[in-house]
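Peer 1: Given next are the chains, with one letter for each unit.
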Amino acid sequence: MADVLTIAGESFGSALMAGTAGYPNRQVMLDALTASGAEIVTVSIRRVDLSGPRESLVELLGGKYRLLPNTAGCATARDAVLTAGLAREALGTNWVKLEVVGDRETLYPDVEQLLQAASTLTGQGFAVLAYTNDDPITCQKLADLGCAAVMPLGAPIGSGLGILNPYNIETICRKLTTPVILDAGIGTASDAARAMELGCSGVLLNTAIARADDPVTMANAMRLGVAAGMAARAAGRIPKRLYAEASSPELGLIGS
Amino acid sequence: MDIRLNGEPHRFQGMSLIDLLAAQAIDQTKPGIAVAINDAIVPRAEWASATLNQGDAVEIVRPHSGG
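Quick mapping for you: the protein sequence lines, in order, are chains V and Y. Reading the first sequence from the start, the letters are residues 1 to 256 in our numbering. Reading the second sequence from the start, the letters are residues 1 to 67 in our numbering.
To be clear, the hints were calculated from the coordinates, so they are not data collected in a lab. The structure displayed is predicted, hence computed values, not measured ones. Just so you know, even glycine gets a beta-carbon here, dropped at the ideal spot from N, CA and C. Just so you know, not all the hints are guaranteed correct.
Covered stretches of chain V, as calculated for chain Y (at least 3 residues, CB under 8 Å) [unchecked claim]: (1) 34 to 46; (2) 64 to 77.
Far from chain V, by Cβ distances over 12 Å, these chain Y residues were calculated [to be verified]: (3) Met1; (4) Asp2; (5) Asn6; (6) Met15; (7) Ser16; (8) Asp19; (9) Ile33; (10) Ala48; (11) Thr51; (12) Leu52; (13) Gln54; (14) Gly55; (15) Asp56; (16) His64.
If you anchor each label on the Cβ, the simulated ranges turn out as follows [claimed, not checked]: (17) Gly102(V) with Ala22(Y): 28 to 34 Å; (18) Arg78(V) with Asp27(Y): 27 to 33 Å; (19) Thr34(V) with Glu46(Y): 34 to 40 Å; (20) Glu59(V) with Ala57(Y): 24 to 30 Å; (21) Gly7(Y) with Gly102(V): 22 to 28 Å.
Input sequences plus hints: build the corresponding full structure.
Peer 2: Written as structure tokens, this is what we have:
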């Protein structure tokens with residue numbers, strides 16, 4: 001497959017990244033990930049359950065996908081930096097999807113803590129993929145800190161509301177030379193297509209696939225949506241007009 | 001000695017990190033596990049030489065499903 005996405009010097013044949021949480025069961029997750037075409041899948045870092053079963057995601061997915069650990073749930077730069085370090089140790093990767101959330105209800109990033117953590121982690125040699133607001137200024141600051149990718153949200157995590165501020169996403173894509181990955185808020189395939197049409201380099205989503213009535217079919221739809229949006233972006237859309245412009249020729253119209 | 005293990009009080013008979021990992025049936029040959037003692041990451045290469053002290057907070061983590 002032709003490479004369509006490059007992050008931190010590594011190239012991938014899919015611009016879609018998928019999460020591994022919330023599927024009805026393990027087999028549906030595996031089938032959905034296959035159908036999505038994703039090559040990068042996200043995982044969290046959590047305490048080993050010392051009393052329960054210990055299925056290994058590394059053994060289940062590690063051979064087939066690049067596992068991208070996140071710092072989901074961290075509320076401070078300190079916790080996020082420690083979690084990233086543990087992830088690097090556990091998975092042998094210096095890639096991290098950096099999340100530092102400000103509150104549990106919106107899961108919006110705490111920008112102050114996020115920038116602090118991004119600065120520390122880039123300084124420690126991490127390839128930081130930073131989940132952030134759809135705010136061009138914050139995105140630019142993350143890029144300037146040396147993040148490998150900047151990941152503005154389309155809408156709150158798990159909300160399925162789509163891309164609430166497409167103008168900001170387009171502005172962010174236009175301003176940054178760092179890859180922009182639309183992360184969070186995607187509800188259906190047209191949202192994923194829209195992200196690519198706006199100029200994003202990729203899309204990261206989880207709930208929209210995992211919680212769909214038919215996750216495997218939705219995963220395929222997301223694959224097609226991302227591909228369609230990427231193709232449309234490359235093709236160059238027509239400008240928007242306020243009035244009609246006839247597509248059939250005026251010449252030779254009967255009765256004239 | 002008494003330590004905290006993944007956030008819970010834990011008493012164990014031993015002095016070293018590898019004793020603790022063995023007691024918890026953690027397969028040290030497999031990838032995917034990371035350990036911190038008192039918020040300091042212990043690289044796998046140092047597991048064998050790491051000792052524990054009364055009151056230490058030990059975290060043993062692994063990848064889990066996530067978005």
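Peer 1: So, for every hint listed, does it hold in this structure?
Peer 2: Hints, verified against the model:
no.: 1; hint: 34 to 46; result: holds (count 5)
no.: 2; hint: 64 to 77; result: holds (count 4)
no.: 3; hint: Met1; result: holds, 17 Å
no.: 4; hint: Asp2; result: holds, 16 Å
no.: 5; hint: Asn6; result: violated, 4 Å
no.: 6; hint: Met15; result: holds, 19 Å
no.: 7; hint: Ser16; result: holds, 18 Å
no.: 8; hint: Asp19; result: holds, 15 Å
no.: 9; hint: Ile33; result: violated, 6 Å
no.: 10; hint: Ala48; result: holds, 15 Å
no.: 11; hint: Thr51; result: holds, 19 Å
no.: 12; hint: Leu52; result: holds, 16 Å
no.: 13; hint: Gln54; result: holds, 20 Å
no.: 14; hint: Gly55; result: holds, 19 Å
no.: 15; hint: Asp56; result: holds, 16 Å
no.: 16; hint: His64; result: violated, 4 Å
no.: 17; hint: Gly102(V) with Ala22(Y): 28 to 34 Å; result: violated, 41 Å
no.: 18; hint: Arg78(V) with Asp27(Y): 27 to 33 Å; result: holds, 30 Å
no.: 19; hint: Thr34(V) with Glu46(Y): 34 to 40 Å; result: holds, 38 Å
no.: 20; hint: Glu59(V) with Ala57(Y): 24 to 30 Å; result: holds, 28 Å
no.: 21; hint: Gly7(Y) with Gly102(V): 22 to 28 Å; result: holds, 23 Å
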